[in-house]
Amino acid sequence: MGAIQNKLAGPVSEELTLVQAAKQGDDSAFEQLVRRYDRNVFRIAQHITQNREDAEDVVQEAFLKAYGNLAQFQEQSKFYTWLVRIAVNEALMKLRRRKPERTVSLDEEIKTEDDSLPREIADWSPNPEQQYTQAELREILSKTIQGLPPGFRTVFVLRDVEGLSTEETAAALELSVPAVKSRLLRARLQLRERLGKYFQKRESGDGNQ
Amino acid sequence: MKCSEFLHELTNYLDGVLDEKTKVELENHLSWCHNCYVVCDTTKKTIEIYRDSQLYELPEDLRSRLRSAIMTKCQQQKKRGPQSV
Numbered sequence: 001m002g003a004i005q006n007k008l009a010g011p012v013s014e015e016l017t018l019v020q021a022a023k024q025g026d027d028s029a030f031e032q033l034v035r036r037y038d039r040n041v042f043r044i045a046q047h048i049t050q051n052r053e054d055a056e057d058v059v060q061e062a063f064l065k066a067y068g069n070l071a072q073f074q075e076q077s078k079f080y081t082w083l084v085r086i087a088v089n090e091a092l093m094k095l096r097r098r099k100p101e102r103t104v105s106l107d108e109e110i111k112t113e114d115d116s117l118p119r120e121i122a123d124w125s126p127n128p129e130q131q132y133t134q135a136e137l138r139e140i141l142s143k144t145i146q147g148l149p150p151g152f153r154t155v156f157v158l159r160d161v162e163g164l165s166t167e168e169t170a171a172a173l174e175l176s177v178p179a180v181k182s183r184l185l186r187a188r189l190q191l192r193e194r195l196g197k198y199f200q201k202r203e204s205g206d207g208n209q
Numbered sequence: 001m002k003c004s005e006f007l008h009e010l011t012n013y014l015d016g017v018l019d020e021k022t023k024v025e026l027e028n029h030l031s032w033c034h035n036c037y038v039v040c041d042t043t044k045k046t047i048e049i050y051r052d053s054q055l056y057e058l059p060e061d062l063r064s065r066l067r068s069a070i071m072t073k074c075q076q077q078k079k080r081g082p083q084s085v
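Protein chains in written order, with my numbering: chain A, 1 to 209; chain B, 1 to 85.
The following block holds chain B by itself, in its conformation from the complex (with noise of 0.2 Å):
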């Protein structure tokens, strides 16, 4: 496998949807690629950084202050009738 198939195949492999050949062909590149490896582990934890962040999270009084906002406006137009929005 070349670094440009590799790359090619970065998402699938970390998205765990390779199959068996494939990957066994990529980790056989990353096993003595260390520019691939080095870009297969950061993109890997860019990945679980963001995924586990706590960016933008919701704040509870913002969260209760939208729902009742949310549920108040759907029942105005609840008695208003059946109509396109």
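This is chain A alone, in the form it adopts within the complex (with noise of 0.2 Å):
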């Protein structure tokens, strides 16, 4: 069983160039910047706001503030880092305005290790996303990712998702590492116990259970 592998963005040098020409008031550079990065930035924010409209208003407002505030980017950080950290902060705004009954915070109470602990340890069956249609499956991800925390659901967005490293996400969510890993591993760990509703082997014959 070997790592998992992440995918990565284009190439940092190229990204550099079209936001020196950005900051030179090129906006043909800073149009190829939101070409490069809205696809990133509309999903992570529909995965925090869940709602495809605020997921839009997001993008936009992401975007546009980031053209606004682009002199003040320190180049010693990745501009997709620095956008994303803008993405997420709106996304989490929407999020508040939106559900303002319950809390919304990246830095919510972690409770103690007992809730990561595998309760349901029941094998999957080999290729269980091809028991779905396409449909089927979006909407088992999409309503299991839903019951995750805020705070859970987009530290695993940012790095499994997305492909952020860990350092990466630390920054853009200005978290420390040890707190992404921890609640990283939350996150996979819960969302891994709900698909086993879905993916679980039907048959049983061994009596591992």
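Some hints here could point you the wrong way.
[To be verified] Listed next, the in silico DSS-like pairs over lysine-lysine satisfying Cα-Cα at most 30 Å (straight line):
id: 1; chain 1: A; residue 1: K65; chain 2: B; residue 2: K45
id: 2; chain 1: A; residue 1: K197; chain 2: B; residue 2: K2
id: 3; chain 1: B; residue 1: K45; chain 2: A; residue 2: K143
id: 4; chain 1: A; residue 1: K78; chain 2: B; residue 2: K21
id: 5; chain 1: A; residue 1: K78; chain 2: A; residue 2: K23
id: 6; chain 1: B; residue 1: K2; chain 2: A; residue 2: K78
id: 7; chain 1: A; residue 1: K65; chain 2: B; residue 2: K23
id: 8; chain 1: B; residue 1: K2; chain 2: A; residue 2: K23
id: 9; chain 1: A; residue 1: K197; chain 2: B; residue 2: K44
id: 10; chain 1: A; residue 1: K65; chain 2: A; residue 2: K78
id: 11; chain 1: B; residue 1: K45; chain 2: A; residue 2: K197
I should point out that these hints are in silico values taken from the structure, not numbers from a laboratory.
Could you fit the two chains together into a complex? Lean on the hints.
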């Protein structure tokens, strides 16, 4: 069982060239940056807000803020990480407005070890996703991730869906590396357990339950 | 290695950042502990399924609408001159 390979964004040097040109007032360079990252920002925003209209707003607001504050962007970090930080903050603000009764924070209380210990250890079918149509699978995945607290699903989305490194995720969310790792482990284990309901082996034969 | 120690190292293992010694210990644990093997395997599948899913893809028509709205607003902002957003 090997390590997970993440998909990565394009070359950093290319990104820097575009950022520098955009800073000089080249709007077509900024538009290239939009083209490069709009899909990622939309995905992140929809994962956090769980609402398509909010996600569309977040995409616009995040890029507009990035454009307006480009002069302040320090080139020591990646533009994408900086953009993600803006987008996550915008998305969390949307979520707070929509669900004021619930606490929406990346710093929400983390329970003790016990809640991350897997309770359900049944194995899955060999290719569990193939038991469902694409539409059914999307529905399952969407419903399942919605059940996670925002702070967990944000870390999971940045690390495992978007492929940011642990350090980049920590920088984008202004969390420490151990905090990212702890949330990531819990998010992964909780999703695994919830998906088990759909993906478990149907037949029981070996009494291994 | 105990099951709780395996769990502690699971994320580092799946991310491929474990040192060689711990990796060998963990894989040794997986070779005899069925429960941990299942947890490891299904957690890995969970990540792969989400990563490979087409969840929340931005449709092309919406994408170009958003992009032109963004660029129009950027230009309006530029005309108004520097200000905090």
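Evaluation of the provided hints:
| no. | hint | result |
| --- | --- | --- |
| 1 | A:K65 to B:K45 | violated, 37 Å |
| 2 | A:K197 to B:K2 | holds, 27 Å |
| 3 | B:K45 to A:K143 | holds, 17 Å |
| 4 | A:K78 to B:K21 | violated, 33 Å |
| 5 | A:K78 to A:K23 | holds, 15 Å |
| 6 | B:K2 to A:K78 | violated, 39 Å |
| 7 | A:K65 to B:K23 | violated, 44 Å |
| 8 | B:K2 to A:K23 | violated, 54 Å |
| 9 | A:K197 to B:K44 | holds, 16 Å |
| 10 | A:K65 to A:K78 | holds, 16 Å |
| 11 | B:K45 to A:K197 | holds, 14 Å |
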